[in-house]
Structure formats: structure tokens, C-alpha cells
Amino acid sequence: MKLHVCFGFTAGVFALPCDIVDRYINDASADALRVLLYLYRRGGEQESAALCKALRMEEDTLLAALAYWAERGLFALNAGPAPAAAEAAAQAAPPASAAKKPERPARPALETPTQYTATDIVNRSKNSAEIRFLLDTAPTLLGRLLSPADCSTLLFLYDSAGLPADVILMLLEYCVTTGHTNLRYLEKVALSWAEDGIDTHEKAEQRIRQLEALHSFEGQVRSIMGITGRALTPSERQHLTRWANEWQTPPELVHAAFDICVKRTGKLSFSYINSILKTWHEKGFTTVEQAQNERREPPRQNGGKTATYDINEYVDLSMKRLLGDK
Numbered sequence: 001m002k003l004h005v006c007f008g009f010t011a012g013v014f015a016l017p018c019d020i021v022d023r024y025i026n027d028a029s030a031d032a033l034r035v036l037l038y039l040y041r042r043g044g045e046q047e048s049a050a051l052c053k054a055l056r057m058e059e060d061t062l063l064a065a066l067a068y069w070a071e072r073g074l075f076a077l078n079a080g081p082a083p084a085a086a087e088a089a090a091q092a093a094p095p096a097s098a099a100k101k102p103e104r105p106a107r108p109a110l111e112t113p114t115q116y117t118a119t120d121i122v123n124r125s126k127n128s129a130e131i132r133f134l135l136d137t138a139p140t141l142l143g144r145l146l147s148p149a150d151c152s153t154l155l156f157l158y159d160s161a162g163l164p165a166d167v168i169l170m171l172l173e174y175c176v177t178t179g180h181t182n183l184r185y186l187e188k189v190a191l192s193w194a195e196d197g198i199d200t201h202e203k204a205e206q207r208i209r210q211l212e213a214l215h216s217f218e219g220q221v222r223s224i225m226g227i228t229g230r231a232l233t234p235s236e237r238q239h240l241t242r243w244a245n246e247w248q249t250p251p252e253l254v255h256a257a258f259d260i261c262v263k264r265t266g267k268l269s270f271s272y273i274n275s276i277l278k279t280w281h282e283k284g285f286t287t288v289e290q291a292q293n294e295r296r297e298p299p300r301q302n303g304g305k306t307a308t309y310d311i312n313e314y315v316d317l318s319m320k321r322l323l324g325d326k
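So for the sequence shown, full-length UniProt numbering puts the first residue at 1; every next one is plus one.
Be aware that a few hints might be false.
[What the hints assert, rightly or not] Below are the DSS-like pairs computed for lysine-lysine, each with C-alpha atoms no more than 30 Å apart in a straight line:
1. LYS267 <-> LYS278
2. LYS283 <-> LYS267
3. LYS188 <-> LYS263
4. LYS263 <-> LYS278
Bear in mind the hints are in silico, worked out from the structure with no lab data behind them.
With these hints in hand, go ahead and build the complete structure from the sequences.
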């Protein structure tokens with residue numbers, strides 16, 4: 001028997017990827033296919049209650065269908081209220097400092113990240129306002145929907161790393177502003193925060209201020225040294241972090257030390273620059289003028305006579321010995 005398909009009803013159409021039909025037409029249940037067609041037809045965000053009513057489907061059946069597609073990466077599940085309702089609830093909530101936060105269980109030892117199923121994600125979001133807030137807000141910060149893997153990462157940081165939702169979101173926002181939208185990067189930094197005990201809003205704010213200052217300092221140092229198109233090596237980053245955080249070296253002093261390094265060695269050497277900055281730090285120099293004045297002052301021998309050797313040659317020789325140069 002031949003079947004003639006009538007395409008006369010073309011007043012309103014919607015697109016469904018051919019690959020989805022080819023791969024899942026015989027695998028997906030009838031309920032899953034109904035949900036798929038309806039969501040592609042409607043688009044945007046949908047409330048589960050409205051879906052149940054429109055499809056005449058029990059909620060458990062709907063959740064199972066949604067979980068089927070979410071596990072295959074087609075949809076991101078979100079069991080929270082609509083954005084407008086969430087925003088209104090956030091505005092009506094008391095300030096974090098005024099509200100007493102519920103005590104969280106002690107942080108367990110960090111393990112391999114847990115892989116949550118789509119059903120797990122939906123249930124956790126339904127049963128926890130904090131997780132619902134986390135999964136509602138993260139897509140807005142990222143500018144995209146969460147994949148099941150993204151949801152698993154966020155829940156792992158909440159459950160196993162012991163970080164509150166607001167701390168995770170603060171870090172996520174910082175990562176996005178610095179161009180890191182891959183949640184693997186977020187996971188790496190978040191685990192270091194957990195190890196350092198950065199588990200409150202106030203501690204997170206302080207750490208982010210430090211990171212922002214270091215990021216700005218790195219940009220200035222890169223510009224001074226003409227470093228472009230590559231990441232800093234671990235050793236270079238260690239030196240830079242010491243200058244910024246431990247010694248609080250002004251960029252102008254780094255510039256002055258860089259000029260001396262290039263003039264004396266003909267190349268960029270973080271170790272050489274670090275030796276110069278270490279000497280200045282130990283002497284309490286905080287301005288280029290102090291460093292320049294110190295270099296101009298000739299050393300005195302006993303009896304007040306001027307030394308006959310070149311102080312710059314002496315410094316060069318000392319630094320070469322310190323760095324192991326022959």
C-alpha cells in the first residue's frame with residue numbers, strides 16, 4: 001500500500017532535526033516522542049504542570065520522558081519556578097546577612113566527581129530551593145542551557161566539595177568574566193577554594209578581589225614584557241604571584257627591573273628580574289626613584305674614599321653567581 005502525504009497544512013510549521021528522528025524513532029517511547037514534538041513545537045521554557053495538562057500526561061510519565069531526552073543531551077532539565085517568579089522571590093527575600101543560613105553537613109573527602117542521572121537532577125532541584133537557585137541562575141551567567149554534564153559538575157561541587165550555591169555562582173560569574181566558560185575550569189578552581197576553606201559569601205568576595213587584582217597585574221606585566229600569544233609557565237606565574245601578593249610590587253618597579261634585565265642579559269628572565277625585585281623589596285623600595293637613587297650612589301671604602309670598582313659590574317657578577325651563570 002502506498003501512502004500519499006498531504007503537505008497542504010503549511011500555515012504553521014516547526015523544524016525537527018532529521019538525526020533525532022533517524023536515531024530515536026524506534027528507541028524512544030510513545031510518551032517520549034509526544035513530549036519531544038510538543039517541546040519543539042512550543043520552544044522556550046515550559047512548566048511541568050502546563051506540559052502535563054497539555055499532553056494529558058501524569059507527572060511521573062512526563063519526568064521519565066524528559067529524563068530520557070536529557071540523558072541524550074537534547075534538553076536541560078530545570079525544575080525551578082519561571083524566571084520572573086524566581087526574580088520576584090529573590091527580591092522579596094531578606095538580605096543574606098540578616099537571614100540565618102541553615103547548617104550544612106561537614107564537607108566529606110573529595111572524590112571522583114559523581115555522575116548524576118537526569119532523574120537525579122530533576123529530583124534534587126525539586127526538593128532543594130538552594131539547588132534550584134543554582135541550576136536556575138547558572139544558565140543566565142553562562143548564556144546557554146546546562147547540559148547534563150554541567151548539572152553533574154555543579155551538584156558535585158555542592159555535594160562533595162561542600163560549597164554553597166551562592167559561592168559556586170560567584171566563582172562561575174568570575175570565570176565567565178575572564179573568558180573561562182568551560183565548567184571543567186570552574187571545577188578545578190572551585191576544588192582549590194574548597195581546600196582553602198573559601199565557603200562563605202564574604203570569603204568568596206575577598207578571594208575574587210585578590211584574583212581580579214592579580215589578573216590586572218598580570219595584564220600590566222605582560223604588556224611591559226611584551227608577552228603575547230602564550231600562557232605563563234608555572235615558574236613565571238609563581239614569580240608574578242609573589243610580586244603581586246607577597247611583595248605588593250608596583251608595576252613601575254617591575255618595568256624598571258625588566259629594563260635592567262634586558263640591558264644586562266639581552267633577554268627576558270623572570271629569575272633575573274625576581275632577584276632585582278627581591279633586593280629592592282628587602283631594602284623597602286616602593287618607587288622607581290628610590291631604586292634609581294640607590295644605583296647612583298657610589299659605595300665608600302674605609303676612610304671615605306670612593307671605590308675604584310664599578311658597582312654595576314659588581315651587581316651583574318653577583319646576580320650571575322646567584323642564578324648559576326658562568
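Hints versus structure:
Distance hint between LYS267 and LYS278 is fulfilled; the C-alpha atoms sit about 19 Å from each other, no more than 30 Å. Restraint check: the Cα-Cα separation between LYS283 and LYS267 comes to about 26 Å, which is no more than 30 Å; the hinted pair holds. Pair hint LYS188 plus LYS263 does not hold up; C-alpha atoms about 40 Å apart against a cutoff of 30 Å. Restraint check for LYS263 and LYS278: satisfied, since their Cα atoms lie roughly 18 Å apart, inside the 30 Å limit.
Of the numbered hints given earlier, the model fails hint 3 alone.
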